[in-house]
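Okay, here's what each chain looks like letter by letter:
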Amino acid sequence: MKTDINPITSNANMARRSFLRYAGASAAAVAVMGAAASCKKDRVTVTSATDIGAGDIGVLNFAYALEQLEAAFYLQVAATPYSGITSIETSYLTDIRDHEVLHRDFFKTALGSKAIMALTPDFSSINFSSRASVLAAAKLFEDTGVQAYDGAGYLIKDAGYLTIAGKIVSVEARHAALISNLISPGSFASDQIDTNGLNKHASIKEILTAANGFLKTKVTANSF
Amino acid sequence: MNLFNIIDEIEQIDPEIHERLNPRRAAIKNITSFGSKVALAAMPFALGTMFKKAYGQTSSSVVDVLNFALTLEYLEAEFYNQGTSAGVIPGAQASYIAPITRDENAHVKFLQGVIGQLGGTPVAKPNIDLSGGGGSGNGPFKAALTDFTTFLLVAQAFEDTGVRAYKGQAPALLGNQVVLTAALDIHAVEARHAAAIRQLRYDLGKSASTRPYIQSTASLGNDTGLAAVNANYAGEENVTQGGVDLVSALGVSVRIATGAFDEPLEKQAVLDLLVGSFIY
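Going down the list, the sequences are from chains A and B. Residue 1 is where the first sequence starts when you use our numbering, and the numbers rise one by one after that. Residue 1 is where the second sequence starts when you use our numbering, and the numbers rise one by one after that.
The reader is advised that the hints may include incorrect statements.
[What the hints assert, rightly or not] Reference excerpt, derived from the structure (chain B facing chain A, CB under 7 Å, subset only):
id, residue
1, HIS107
2, VAL163
3, ALA170
4, LEU174
5, ALA188
6, ALA191
7, VAL247
8, LEU250
9, GLY251
10, VAL254
11, ILE256
12, PHE261
The set of hints was computed from the structure by calculation and includes no laboratory data. Note that the coordinates shown come from a computational prediction; the quantities given were computed from them, not determined experimentally. C-beta: ideal position from N, C-alpha, C; glycine also.
Chain B on its own, in the form it takes in the complex (with noise of 0.2 Å):
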């Protein structure tokens, strides 16, 4: 196996993979996207040790931020994909909510692709309740997949809950410059379904307060108005950001602080809420 060959491939798609090696030299590039894929497992080991420790903190933390999210796209993937084969998507709607189960099945491809080159194994899909009874399938949330008005507040909250749990990550893969910008930019896409849901909601009059964003009250972040998702909204209520209360030093209003910005829920938060109940 040649070794120069081989770096020199890595170059192609990093081309700063010499710095990365070694560190003393200067000036790094931008490398703004995942780009091709490098079979990690067809390196020497000692070259493949390198080349994990070269982009950023040690790789089995943020393989386990990237299982985390491997295991909510399994469930929101899971989700889109019965609600289209069990026929609960009106076909009016078909169209709006197809882009949606693409990006979520596109999400568990792409995390998986992303895991085993950082040379991690990546989770395998858990047991799934979509009625969020921990394996009944007598959960509280059953007519998700028969009645499209309940399908469409637990996308809801599923989209909202994703939004706060990649976010509540982003500080675990500080720096990482591959990583933290995929996370991003996948944290995003979540937040566009979030408000396309909701906007949905709106339109078709199932919730005439609903907005694309979260507006919540001074007691309470859940603005859907069902009080079984409460959990998944505690802490939206928040308006001090970075020290400063939003409603006394800028004087707006407790919706429109809450309404600019998301809030983080960290691991163990999410966990707590699926667990037990839609993943068992």
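Next comes chain A alone, as it looks inside the complex (with noise of 0.2 Å):
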């Protein structure tokens, strides 16, 4: 269902206005009210939480969410990179570094007020000197991201914000061939593929189930 003006192309001063002043009320209402409930950092470190909510605004929102993780990862990576580390696996991690950060800030620019907050990452569980548990991780976040992409796809009722999508995932899906094959050479379509040849893909609440693992800042899809 196409909106009579496409937010998207209609107005080039992008970052001044509301990129999404179609979306609906209730889901402005609801990410601003969500947002401002939770994101009270005063004097106190709180646990705190976001949803992405609902229609386009919300599939964004979760894209958005994974950008997040995925260029803070990428960004430690790069600031503390992993001993033994070769000239080309550093090309390629800044490389994916500035995609994630660009990817993450087109995001943040796109939707604007709809924006969620900055989310609080946790890698904790990620050791960064070892070469193994950073590919590792790099492995399981690009994975993962297409498998959040290919999921979410069809919830998206705007042909514009569809095609983003589509121009982002198969970049992911180059990061994830690309870390495979660092892990293990030729295994750039092994355990992500099935038997028809088609990608894993993975719902919003099953995506965020397994990103909330490297988040401080909890993320939800009440609405999906």
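Combine both chains into one complex, guided by the hints.
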């Protein structure tokens, strides 16, 4: 169901306007209320939570949440590279970092006031000095990202948003193949692909269950 | 024929068949896989039509999309099958290329099956000239079946173009849980293949600048260095996403902006690349 004016392309000055002014008011209210209620940081560190909202906004916030997680991870990887990292691995991982940071910042810009809060990651289970630990985590994040976009695509109502999601998911799949190959050469199309040659996919709730294991700020999807 | 049994059996794989047949019912559950096959042909015609209509847009447009995809998969499968039997793949790389061959053949079978289940007719395998010579066998990519370097370059172009083709068709499947999800799942696998071929080309010293993702310049989408495939990559130089110029608004390089987002290719543009050259 297309809106009359496509908010994505109708206004070049996206940073100042609400990208999604045609989104339902109730979704916006929930997103704003949820953000206000959960972003009290004052003097006490609280475990906050945020809901992605409903409709296309919800799906875009879902993507934004995952990109935040990936960006934070690769920023850490690049800042504290694992022992024995090679020159080409540095090149690959810093490129992936830059891609994920860009994905994150794109969604933040595009969502504007509808964006969920900045999430606090929890990487305590990852040993950033270990190649095996870092690449295993990277593979998990990338594979999960592909499954997430593939699983949520049908929920998107706007063709423009679906195309954006499509443009990103294939890059995540490229990342996934690359990381798998770094762990085990030739494994780019193994454990994530079924006997029909299709990549696995998962629901929003299944993905968030996995992602929340790496987030201090828990993300919910109560409308999905 | 017992109509109630048929609906009960459909309900085993599609819990929401009742909602689909009677849209006024509430609560859509998730079907996350195409599941087991239902023989539409065995149903009374009226029920088959209801069943087809229940799954999203007019079945003919969905079938058209899938037949377009099937045509591309026939081409890719033929390329890898012929490459394998021609012996152009060195033994050391055989196990690396094998999963790609496996997947493309699986895609052909899967798409044929889905099209049939939707009541459509899968297109037949087209005439294919892997040299790109429109049937002459003497086209510009003739060396692909004798020279592994050329084979890999053509493979990369096929995979990258396949990703773009699927991406271009996603809007035509908007909201179609079963078919769009399947198309996205295949699209992701083609992207894995593309990245894997690119990484192999780098690892074998074929191209030091090649990365698993497409890194364009402001004026040229094609990052392969081979001008003959410029049209396959036209548009990849785009840095504006959702109305946002990523370079000016977010301060990233063109290299990163183009690498972070893959671009779709419309059906006609894809056909223009292939018909009369690889398909005839």
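Inset, instruction - Hints the structure violates: just list their numbers, smallest first. - result: Numbers 7, 9 and 10, in rising order.
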